[in-house]
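Protein sequence lines correspond, in order, to chains A and B. To convert, note that position 78 of the first sequence is 198 in my numbering; the numbers rise steadily by one, no gaps. To convert, note that position 58 of the second sequence is 178 in my numbering; the numbers rise steadily by one, no gaps.
The reader is advised that the hints may include incorrect statements.
In this list, chains with the same sequence are indistinguishable; a pair is considered to hold if it fits within one copy or across any two.
Computed list of lysine to aspartate or glutamate pairs in DMTMM-like fashion (alpha-carbon distance at most 20 Å, straight line) [as the list claims (entries may be wrong)]: (1) LYS438 <-> ASP377; (2) LYS232 <-> ASP128; (3) LYS438 <-> ASP174; (4) LYS176 <-> GLU123.
Source of the hints: derived by calculation from the structure; they are not laboratory data.
Here is what each chain is made of, one letter per residue.
There are 2 protein chains.
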Amino acid sequence: MREQEIIDMLARLASGSSPELLAGIGDDCAVISKNDRLSWLVTMDTLIEEVHFDRKWHAAGLLGRKCVAVNISDIAAMGGTPVFVFLSLGLPAGYDPRWLEDFSQGLAAACKEFGCLLAGGDTVRSPGGIVITLTVLGEAASDQVVLRSGARSGDTLWVSGTLGNAAAGLELCRRGRADAPRLRGLVMAHLNPSPRLELGRRLAQAGLAHAMMDLSDGLATDLAHLCVQSGVGVRIDSASLPASSSLREAALLLGSDCLTWMVAGGEDYELAFAAAPDRRQAILTTAAEVGVPVTAVGIFDERPGVRLVRPDQAGIGKIEEDISYEGFDHFS
Amino acid sequence: MREQEIIDMLARLASGSSPELLAGIGDDCAVISKNDRLSWLVTMDTLIEEVHFDRKWHAAGLLGRKCVAVNISDIAAMGGTPVFVFLSLGLPAGYDPRWLEDFSQGLAAACKEFGCLLAGGDTVRSPGGIVITLTVLGEAASDQVVLRSGARSGDTLWVSGTLGNAAAGLELCRRGRADAPRLRGLVMAHLNPSPRLELGRRLAQAGLAHAMMDLSDGLATDLAHLCVQSGVGVRIDSASLPASSSLREAALLLGSDCLTWMVAGGEDYELAFAAAPDRRQAILTTAAEVGVPVTAVGIFDERPGVRLVRPDQAGIGKIEEDISYEGFDHFS
């Protein structure tokens, strides 16, 4: 069963409608009515040793911060502000107390950085490696929450920052090249991602984004979700995808492909959003004020799927191929 | 580091006060102000294969129900009503889809039984066994939430149901005696616990409980937390502890000790609560209406610690010993 089939089965069996549940399974966060004006945003993410992190290269303090950051990225993707954090921590019997202290310091510093408080959780013993689950409660004005379902045909697809850095950084770690000094930014994109909290909030408050999500499983997979939820498709121009210069350098060093990292690599935690084409200048101004670059990379249309337009092998013409769900599926 | 030391460290580093956070780390649930009248209750519990369950004897459907039940027991312990469930599910690469479907059916049936909806979560790959974390959001009238901190010297300690059944049931499973027909109730206490939702709610609404918690780590450990939070101690009469007749039968069969199961055995998910001695009749009436037996088993006093009074070895006199934290510590 693919990840989406598992989620669909659980949703079919155990979810349902409630006047308080403004958005449930299928978005970055659940949206729960708090009062006349505000909503709670609830998200939950698990990081498991050997799957999501390797202690050989992931320092405990950075991992503590990352656990918070990846959850807060989901809050950012709805235009919200994080408020409370809940931590469930599974530790092996012989864990190193110094590791735990460094992890906790990193987690605590991230809570302070993003303005939220640890409010509860659970500690358990793990027979295997370390298992970390966070639930984050955030808040947003109910009429400003940005869902995945609002993209319209004709909208522009925007992404923040540059793509593929985290995937390249992970590859550098795996292949023992994490110390290459000019590529340290890629490695840090994997070890220490920064959620686009302020950008998400500003876009939501200004009503600039019709739909928004964060990029955690890779552009091809994540956008496929957004397109399905919105009932649209999207056509992406490969030439417009924003790559850092160090990504190109890493591709040369490792003999890898930049485009694959940008399209199928996970964990960038950048924002992808749909906006009306005539809001281009307002979006660029907002992004400049926040200090985060944004790039228009595609156009939503009525044809289903995520389609990538790129030069053909001869380098003369162009080909368009469907890349929906080509990224990281946790179970395939 | 003991479990409590880990929690204390995390609380020291990353928690703090907020006007919205009415109770944070250290109670069964965090209590978060929802509006003028109501509060959200938030709890999180993780069940890990080989630590909390064994698929050899734990059917998937029952495990799905148990994951919900143990979280809802925390909501019950505050006098609340569960509303939304979030599930993070870690599955090994080669998991059995039928297992997942049965698990999901059990989880869904429990959500229906307890009146709550699955509203979100996460699915990840686990390199070891299955890892299940649930976050449950419940609701209660803010002025009726029962904390662990309200027990007073002179209060009576009550427990619901009978104690030690789940620990005995687990032991029967481990020793291949789970099929003994007259002891099936003990095995089911481990496999399929029932949170005391209605009892908790009725006690809270009637203002009968000064302090309350659910028994998950064993009477000695759980009550030690409640006593520390309330700034009191408690003296328990071993003769008054409620044991089922099958518990005595299992003790004979396995050569085990009933009292150890009742005092140090975890996962009973019964309620323990403190109440004024003059509310005895009201408590018995409420419990009878709900159909759950309750027993007065001790008296809170000003001397720190959880103390058990029991016959001495000669069977002539009585001894009093401090049993605080003698139950299950996840890391000792």
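Now the hints, each set against the structure:
no. : hint              : result
1   : LYS438 <-> ASP377 : within (18 Å within a copy, 77 Å between copies)
2   : LYS232 <-> ASP128 : between (36 Å within a copy, 18 Å between copies)
3   : LYS438 <-> ASP174 : neither (40 Å within a copy, 55 Å between copies)
4   : LYS176 <-> GLU123 : neither (28 Å within a copy, 25 Å between copies)
The earlier numbered hints that this structure contradicts are 3 and 4.
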